[in-house]
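J.: Protein sequences appear in the order of chains A and B.
Per the working numbering, residue 1 is the first one in the first sequence, and the count goes up by one each step.
Per the working numbering, residue 1 is the first one in the second sequence, and the count goes up by one each step.
Watch out, some of these pointers could steer you wrong.
[Unchecked claim] Okay, derived cross-link-like pairs now, DSBU-like style, lysine-lysine, Cα gap no bigger than 35 Å in a straight line: (1) B:110 <-> B:133; (2) B:142 <-> B:110; (3) B:110 <-> B:148; (4) B:142 <-> B:121; (5) A:14 <-> B:51; (6) A:14 <-> B:133; (7) B:148 <-> A:14; (8) B:161 <-> B:122; (9) B:121 <-> B:148; (10) A:14 <-> B:110; (11) B:156 <-> B:51; (12) B:121 <-> B:161; (13) B:161 <-> A:14; (14) B:51 <-> B:161; (15) B:122 <-> B:156; (16) B:142 <-> B:161; (17) B:133 <-> B:161; (18) A:14 <-> B:142.
[What the hints assert, rightly or not] Quick list of simulated restraints, FRET-style, between CB atoms: (19) B:108 <-> A:63: 54 to 62 Å; (20) A:63 <-> B:160: 56 to 64 Å; (21) B:112 <-> A:26: 18 to 26 Å; (22) B:70 <-> A:28: 36 to 44 Å; (23) A:40 <-> B:78: 49 to 57 Å.
[Stated by the list, open to error] So the derived list for chain A, only partly shown, Cβ under 7 Å to chain B, looks like this: (24) 8; (25) 9; (26) 21; (27) 22; (28) 26; (29) 40; (30) 41; (31) 44; (32) 45; (33) 46; (34) 48.
Quick caveat, the hints were computed from the structure, so don't treat them as lab data.
Model, not experiment: these values are computed from the prediction.
By construction, the Cβ of each residue, glycine as well, lies at the ideal position given by its N, Cα and C atoms.
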Amino acid sequence: MPDLGQTAIDEAEKAGFDLSLVDESLRLTAEERARQHDQALALVLEFERIRSTRDEQPKRTAQATG
Amino acid sequence: MNSLSELLKRLADSGVEFVVVGGFAGVLHGSALVTRDLEICAVLTPANIEKLRAALRDLNPRHRMTPQRLSFLQTPAPGETANNLYLQTDWGVVDILSSILGLGDFESVKANSEFFEIGGKKCRLISLPDLVKAKVAMGREKDLLAAKELRAISAKRERDKPGLELK
Numbered sequence: 001m002p003d004l005g006q007t008a009i010d011e012a013e014k015a016g017f018d019l020s021l022v023d024e025s026l027r028l029t030a031e032e033r034a035r036q037h038d039q040a041l042a043l044v045l046e047f048e049r050i051r052s053t054r055d056e057q058p059k060r061t062a063q064a065t066g
Numbered sequence: 001m002n003s004l005s006e007l008l009k010r011l012a013d014s015g016v017e018f019v020v021v022g023g024f025a026g027v028l029h030g031s032a033l034v035t036r037d038l039e040i041c042a043v044l045t046p047a048n049i050e051k052l053r054a055a056l057r058d059l060n061p062r063h064r065m066t067p068q069r070l071s072f073l074q075t076p077a078p079g080e081t082a083n084n085l086y087l088q089t090d091w092g093v094v095d096i097l098s099s100i101l102g103l104g105d106f107e108s109v110k111a112n113s114e115f116f117e118i119g120g121k122k123c124r125l126i127s128l129p130d131l132v133k134a135k136v137a138m139g140r141e142k143d144l145l146a147a148k149e150l151r152a153i154s155a156k157r158e159r160d161k162p163g164l165e166l167k
């Protein structure tokens with residue numbers, strides 16, 4: 001009989017999930033996971049802000065010189 | 001400031017009974033995926049809407065799906081109910097849903113929910129099997145992918161459960 005648990009783990013890994021991150025997360029309490037997620041989201045939003053500022057800059061330069 | 005966990009603590013203090021669902025529920029269960037919003041399931045009676053308004057009052061809550069970004073402090077009018085509320089606040093996005101696809105209304109979601117603690121408050125969290133069901137029912141590629149990670153989390157949790165000692 002197939003080990004359904006192992007199948008689920010294999011499928012997640014095949015889909016590209018790094019399950020070592022899940023292992024790390026499972027060692028934390030739910031509150032610690034929530035706090036860690038806040039930090040990750042803040043980083044994502046900061047990268048987005050930097051990217052949009054960078055994308056805006058050439059437009060402004062082109063407008064100024066054009 | 002963007003902090004879904006602070007937003008969650010604020011809601012936990014609101015006096016409204018709710019269950020955390022969606023991607024953030026996945027995070028609380030151990031998912032490593034990053035989500036941008038907090039989704040909860042609650043009964044949106046006029047009384048609960050007033051409690052939510054009071055809880056979010058100083059966070060500039062507005063309906064993010066309306067072009068005019070109507071203020072949640074005025075809409076819906078007092079005494080009115082709502083099916084779902086899609087809000088943007090100064091601390092992040094919060095969606096308040098009265099039912100969950102694949103599961104049903106608040107009572108159905110609550111039935112299998114479990115408790116977790118945040119900021120010293122006990123909150124309800126959708127069960128892992130129900131979260132997988134909801135993700136599968138959504139059927140979008142990103143939800144099906146998330147369901148794969150959640151199934152793996154479930155499998156890992158099962159493995160870590162202390163087994164019966166055979167003598």
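J.: Evaluate each hint against the coordinates.
T.: Quick rundown of the hints versus the structure:
no.: 1; hint: B:110 <-> B:133; result: 14 Å, holds
no.: 2; hint: B:142 <-> B:110; result: 24 Å, holds
no.: 3; hint: B:110 <-> B:148; result: 23 Å, holds
no.: 4; hint: B:142 <-> B:121; result: 31 Å, holds
no.: 5; hint: A:14 <-> B:51; result: 45 Å, violated
no.: 6; hint: A:14 <-> B:133; result: 21 Å, holds
no.: 7; hint: B:148 <-> A:14; result: 10 Å, holds
no.: 8; hint: B:161 <-> B:122; result: 23 Å, holds
no.: 9; hint: B:121 <-> B:148; result: 30 Å, holds
no.: 10; hint: A:14 <-> B:110; result: 33 Å, holds
no.: 11; hint: B:156 <-> B:51; result: 38 Å, violated
no.: 12; hint: B:121 <-> B:161; result: 26 Å, holds
no.: 13; hint: B:161 <-> A:14; result: 25 Å, holds
no.: 14; hint: B:51 <-> B:161; result: 39 Å, violated
no.: 15; hint: B:122 <-> B:156; result: 25 Å, holds
no.: 16; hint: B:142 <-> B:161; result: 29 Å, holds
no.: 17; hint: B:133 <-> B:161; result: 22 Å, holds
no.: 18; hint: A:14 <-> B:142; result: 15 Å, holds
no.: 19; hint: B:108 <-> A:63: 54 to 62 Å; result: 55 Å, holds
no.: 20; hint: A:63 <-> B:160: 56 to 64 Å; result: 58 Å, holds
no.: 21; hint: B:112 <-> A:26: 18 to 26 Å; result: 20 Å, holds
no.: 22; hint: B:70 <-> A:28: 36 to 44 Å; result: 38 Å, holds
no.: 23; hint: A:40 <-> B:78: 49 to 57 Å; result: 38 Å, violated
no.: 24; hint: 8; result: 4 Å, holds
no.: 25; hint: 9; result: 5 Å, holds
no.: 26; hint: 21; result: 4 Å, holds
no.: 27; hint: 22; result: 6 Å, holds
no.: 28; hint: 26; result: 5 Å, holds
no.: 29; hint: 40; result: 5 Å, holds
no.: 30; hint: 41; result: 6 Å, holds
no.: 31; hint: 44; result: 6 Å, holds
no.: 32; hint: 45; result: 6 Å, holds
no.: 33; hint: 46; result: 10 Å, violated
no.: 34; hint: 48; result: 10 Å, violated
Of the numbered hints given earlier, the model fails hints 5, 11, 14, 23, 33, 34; all others are met.
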